[in-house]
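Residue numbers (my numbering), protein chains in the order written: chain F, 1 to 538; chain W, 539 to 875.
No lab work stands behind these hints: they were computed from the structure. Just so you know, even glycine gets a beta-carbon here, dropped at the ideal spot from N, CA and C. Don't take each hint at face value.
Pulled a few chain W residues facing chain F out of the computed Cβ check, cut under 8 Å [what the hints assert, rightly or not]:
{"no.": "1", "residue": "745"}
{"no.": "2", "residue": "749"}
{"no.": "3", "residue": "758"}
{"no.": "4", "residue": "795"}
{"no.": "5", "residue": "799"}
Over 10 Å on every C-beta distance to chain W, these chain F residues come out as not near it, computed from the model [claimed, not checked]:
{"no.": "6", "residue": "74"}
{"no.": "7", "residue": "138"}
{"no.": "8", "residue": "246"}
{"no.": "9", "residue": "290"}
Here are the simulated distance ranges between beta carbons [to be verified]:
{"no.": "10", "chain 1": "F", "residue 1": "113", "chain 2": "W", "residue 2": "713", "range": "29 to 35 Å"}
{"no.": "11", "chain 1": "F", "residue 1": "242", "chain 2": "W", "residue 2": "675", "range": "54 to 60 Å"}
{"no.": "12", "chain 1": "F", "residue 1": "193", "chain 2": "W", "residue 2": "865", "range": "54 to 60 Å"}
{"no.": "13", "chain 1": "W", "residue 1": "869", "chain 2": "F", "residue 2": "137", "range": "29 to 35 Å"}
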Amino acid sequence: MEAVLRCINLSKYFGTLPALRQIDFQIKAGEVVGLTGRSGSGKTALVNILSGIEQPSEGDLYIAGQRMHWPFSARRHNISVINQQPILAERLDITTNIFLGNEIGWPSNASWLRIPNRRRMDQQATEVLAQLGAHFSDLRQQANNLSSEERQLVSIARALLHPAKLIIIDEPTQQLSYTYQQRLLTLIRLWQQQGAAILFSSNNLDHLFAVCDRIVVLRQGRSVADMQVDAVGREEVVAALVGTKDREQITPIMWALESYYRAREQTEQLGQRQEMLEQNLVAHDSLTNQLIEQLAIQISALDSANLALQNAQRRLLTEREQERKSLARELHDQVIQDMLGVNYQLEEIEAEVDQQNVAENLADVRHSIRGLVEDLRRICGNLRPPTIDSLGLGPALLSYSRDWSARSGIQVELNLDSQLARLPEALELSIFRIVQEGLNNVRKHAHASKVRIELRHNSPRSLMISIADNGRGMPNDFDLASLANKGHYGLLGISERVALLEGRLHVQNLSSGGLLIQVELPHPRVNIDSEPTSQQQA
Amino acid sequence: MQKATSSQPIRHSLRPFQWLQPHWGKLVQRQELILIVLLLICTLALGLGTDTFLSSSNLLNIGVYASWFGIAALGAGLVIMVGGIDLSVASVMALAGLVCALALQVGVSLIAAIGLGLLCGACVGLLNGVLVSQFGLPPFIVTLGSMGLARGITLALTSGAPVRDLPPQFRALGQGEFNLAGIGLAFPICWMLLIACVVSFILHQTVLGRYIYTVGTDERALKIVGVPTGYVKLITYCLSGILAAFGGILMTAKLGVAAPTAAIAYELDIIAAAVIGGASLFGGEGSVSGIILGTILMMIARNGLVLLGLPTYLQWLTIGAMILVVILLDFWRRRQV
Numbered sequence: 001m002e003a004v005l006r007c008i009n010l011s012k013y014f015g016t017l018p019a020l021r022q023i024d025f026q027i028k029a030g031e032v033v034g035l036t037g038r039s040g041s042g043k044t045a046l047v048n049i050l051s052g053i054e055q056p057s058e059g060d061l062y063i064a065g066q067r068m069h070w071p072f073s074a075r076r077h078n079i080s081v082i083n084q085q086p087i088l089a090e091r092l093d094i095t096t097n098i099f100l101g102n103e104i105g106w107p108s109n110a111s112w113l114r115i116p117n118r119r120r121m122d123q124q125a126t127e128v129l130a131q132l133g134a135h136f137s138d139l140r141q142q143a144n145n146l147s148s149e150e151r152q153l154v155s156i157a158r159a160l161l162h163p164a165k166l167i168i169i170d171e172p173t174q175q176l177s178y179t180y181q182q183r184l185l186t187l188i189r190l191w192q193q194q195g196a197a198i199l200f201s202s203n204n205l206d207h208l209f210a211v212c213d214r215i216v217v218l219r220q221g222r223s224v225a226d227m228q229v230d231a232v233g234r235e236e237v238v239a240a241l242v243g244t245k246d247r248e249q250i251t252p253i254m255w256a257l258e259s260y261y262r263a264r265e266q267t268e269q270l271g272q273r274q275e276m277l278e279q280n281l282v283a284h285d286s287l288t289n290q291l292i293e294q295l296a297i298q299i300s301a302l303d304s305a306n307l308a309l310q311n312a313q314r315r316l317l318t319e320r321e322q323e324r325k326s327l328a329r330e331l332h333d334q335v336i337q338d339m340l341g342v343n344y345q346l347e348e349i350e351a352e353v354d355q356q357n358v359a360e361n362l363a364d365v366r367h368s369i370r371g372l373v374e375d376l377r378r379i380c381g382n383l384r385p386p387t388i389d390s391l392g393l394g395p396a397l398l399s400y401s402r403d404w405s406a407r408s409g410i411q412v413e414l415n416l417d418s419q420l421a422r423l424p425e426a427l428e429l430s431i432f433r434i435v436q437e438g439l440n441n442v443r444k445h446a447h448a449s450k451v452r453i454e455l456r457h458n459s460p461r462s463l464m465i466s467i468a469d470n471g472r473g474m475p476n477d478f479d480l481a482s483l484a485n486k487g488h489y490g491l492l493g494i495s496e497r498v499a500l501l502e503g504r505l506h507v508q509n510l511s512s513g514g515l516l517i518q519v520e521l522p523h524p525r526v527n528i529d530s531e532p533t534s535q536q537q538a
Numbered sequence: 539m540q541k542a543t544s545s546q547p548i549r550h551s552l553r554p555f556q557w558l559q560p561h562w563g564k565l566v567q568r569q570e571l572i573l574i575v576l577l578l579i580c581t582l583a584l585g586l587g588t589d590t591f592l593s594s595s596n597l598l599n600i601g602v603y604a605s606w607f608g609i610a611a612l613g614a615g616l617v618i619m620v621g622g623i624d625l626s627v628a629s630v631m632a633l634a635g636l637v638c639a640l641a642l643q644v645g646v647s648l649i650a651a652i653g654l655g656l657l658c659g660a661c662v663g664l665l666n667g668v669l670v671s672q673f674g675l676p677p678f679i680v681t682l683g684s685m686g687l688a689r690g691i692t693l694a695l696t697s698g699a700p701v702r703d704l705p706p707q708f709r710a711l712g713q714g715e716f717n718l719a720g721i722g723l724a725f726p727i728c729w730m731l732l733i734a735c736v737v738s739f740i741l742h743q744t745v746l747g748r749y750i751y752t753v754g755t756d757e758r759a760l761k762i763v764g765v766p767t768g769y770v771k772l773i774t775y776c777l778s779g780i781l782a783a784f785g786g787i788l789m790t791a792k793l794g795v796a797a798p799t800a801a802i803a804y805e806l807d808i809i810a811a812a813v814i815g816g817a818s819l820f821g822g823e824g825s826v827s828g829i830i831l832g833t834i835l836m837m838i839a840r841n842g843l844v845l846l847g848l849p850t851y852l853q854w855l856t857i858g859a860m861i862l863v864v865i866l867l868d869f870w871r872r873r874q875v
């Protein structure tokens, strides 16, 4: 079979300095020949001579049996060249660079007066780039805006678009990432199967051993070895590269070469993983943002629901108070009066009755009725303090605390702000209920002998209610939810009322023993003078 | 949010040209914008400064003179785009006009005479192209030589005597008018517009145009894909010669006389018009519309300075300063972009 490329004694001198000396080798169709050598060994000079760019000082070159004269156009002799540094027209876009010199257009026989068909060229360029696994967002990007890897991909796409009988590849992997390096190796095998002769210049032994049939080794401008890949190992290639067979010298170089390329591959893989990680992080960020947004929406919905609940509870409390008020009035004005009327009637009957035992029975009944009336009055007082509407919060608290103290036997000390003016009805009732609930708690759970209640203005717009006892206090780990679970709703009721009034509740055990409940409630502005508080003892 | 939306209309009203902002870069990028502004300023200044500048006959004269200048400047601009320079354009104009006139005098048909004139231009262009592209000689030196050569031949052909009594059909080529909707458009202007369209088509629509631009900036990239860049240069020099020759023939037809000393020192004006029109002396840049506008600007300046009655040395000084200012503006614009 005739060789596609045949070099005979090719030499190149720069002045008196020899870059290449008597290079002889040939490449047949369907053969991949690797070209390797250390830096300065003359690889690039040889590639430039074979590409028609540089003229050799001596020697001949035959392409498909035709003797070449320099400078010659590689493309016109059906040679594709992929350079180490891709040479692109910087101001032209990707598609135009891929098709440069081979534009598709109309009329097809008009040569340079052809009008390029952009759409067809774009379509074919996309297809060719897809074969490489490369995707460009915009094929109209100018070459000077591309990264070195993208430029190399354009250069490879150009070679891929125009199948050549000889393909010269000069260290292209330097610019390519690991993935594209593997794709290029696959392409080389494909070109080989299609019958192209390939000269693959590289220092990567893995790549050379992966695709080459033969390896030509250059050292100091001379071709020092032309080896069949199947017949030699890496050690022989490295020995030819460094010019010694001493294993002590070869082994570190082999190790260094392999380590370098392994490190590069690993760096590439790490880079890819990092990229994936960054993408994942971005995705996670996006997910987190979505979750935060959802959460914000739900919080907003919960706020709205909470607000609605508070309004409902406020209405409920108001209605309950109204019901209590009307019930208390009903009991007082109707039932108690009726019972008192019955009592008077019984008294009259008692006066008219002669029998001693009947009179005694009637007196017992009247006594019971009086007891019932007292009970009913107390119930009325609990339902609606009788004095709160007429005399205000202070007297109502005073009356209630005296009554409570008398009933419970616990001493109550009530300190009221001397400037305690009339407050809105709902607020006065709420404060009364808070004190009422607080005292109930003391009676039920505190085992206290003394309670101190204090109402004073913190500011012209807030009132502080303190209820302190000398009992056993609360367990240290208490919370309102657990108290509610145990069926104790007193403090919970206070806290709900405080929340509805937009106040603050503070509950703490006193160091001297006992419990302190402090409630701060805002209220409409009142005038406060710095007079001492009035103190009542129940 | 409400605030932002309510303030938007106010912002619009304060910045009425905001819609132009996305396109501003592209506009500033074009040399034509600067030229149009300069043309407007010159026209306004000369219109106010002289009584005759805005007269129809003067404007027609400017247009006619600009036509052969413009045609030659298009050729010179093409050479500048491939990174060369053609100093022989003015000599080719004179040679082509004289050869055409001599041919007509000896009884050659009009078409053949024009063909001969164009052939002269093509030959000088070919000579320039071969020496520059095939022998790698510097274009400045080559075209300086061919300028002298063409002028020498022109003088030798008639021993310096002008050729008169040209046939009326030939003179009609430069003196006739094309009636467009009642407006008489001088033939040379029509020719210039037609040629500008053809050159613009070649430059922007064909593969050759792409190569001409690319040779000026990335010759190696073209070479590596097998495009014979030497031929691209050769073609542009030939086109420059042919266009200069056609400009010379039109000039001769308009003036009715073929003088061997015609178009002396025109080369500087022609090259300046191309450079003012945006053709970069470093290659790879330029446009047909820019070159035509540059030519008109040069003609207006020359005409206006004469009408203002300035002495010749002041005219040269002003034209020189104008060229420097436009090139500096172009330099500034490129740096901005």
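Status of the hints after comparison with the structure:
1. 745: Holds. Min distance 5 Å.
2. 749: holds, 7 Å
3. 758: Since chain F brings a Cβ to about 6 Å from residue 758 of chain W, closer than 8 Å, the hint holds.
4. 795: violated, 37 Å
5. 799: Where the cut-off is 8 Å and the nearest Cβ of chain F is about 37 Å from residue 799 of chain W, the hint is violated.
6. 74: It is violated; residue 74 of chain F is separated from chain W by about 7 Å at its closest Cβ, not greater than 10 Å.
7. 138: The claim holds: residue 138 of chain F sits with its nearest Cβ about 17 Å from chain W, beyond 10 Å.
8. 246: holds, 42 Å
9. 290: holds, 21 Å
10. F:113 x W:713: 29 to 35 Å: holds, 33 Å
11. F:242 x W:675: 54 to 60 Å: 48 Å Cβ-Cβ, so the 54 to 60 Å window is violated.
12. F:193 x W:865: 54 to 60 Å: Given range 54 to 60 Å: holds, Cβ gap about 57 Å.
13. W:869 x F:137: 29 to 35 Å: The hint (29 to 35 Å, Cβ to Cβ) holds, given that residue 869 of chain W and residue 137 of chain F are roughly 33 Å apart.
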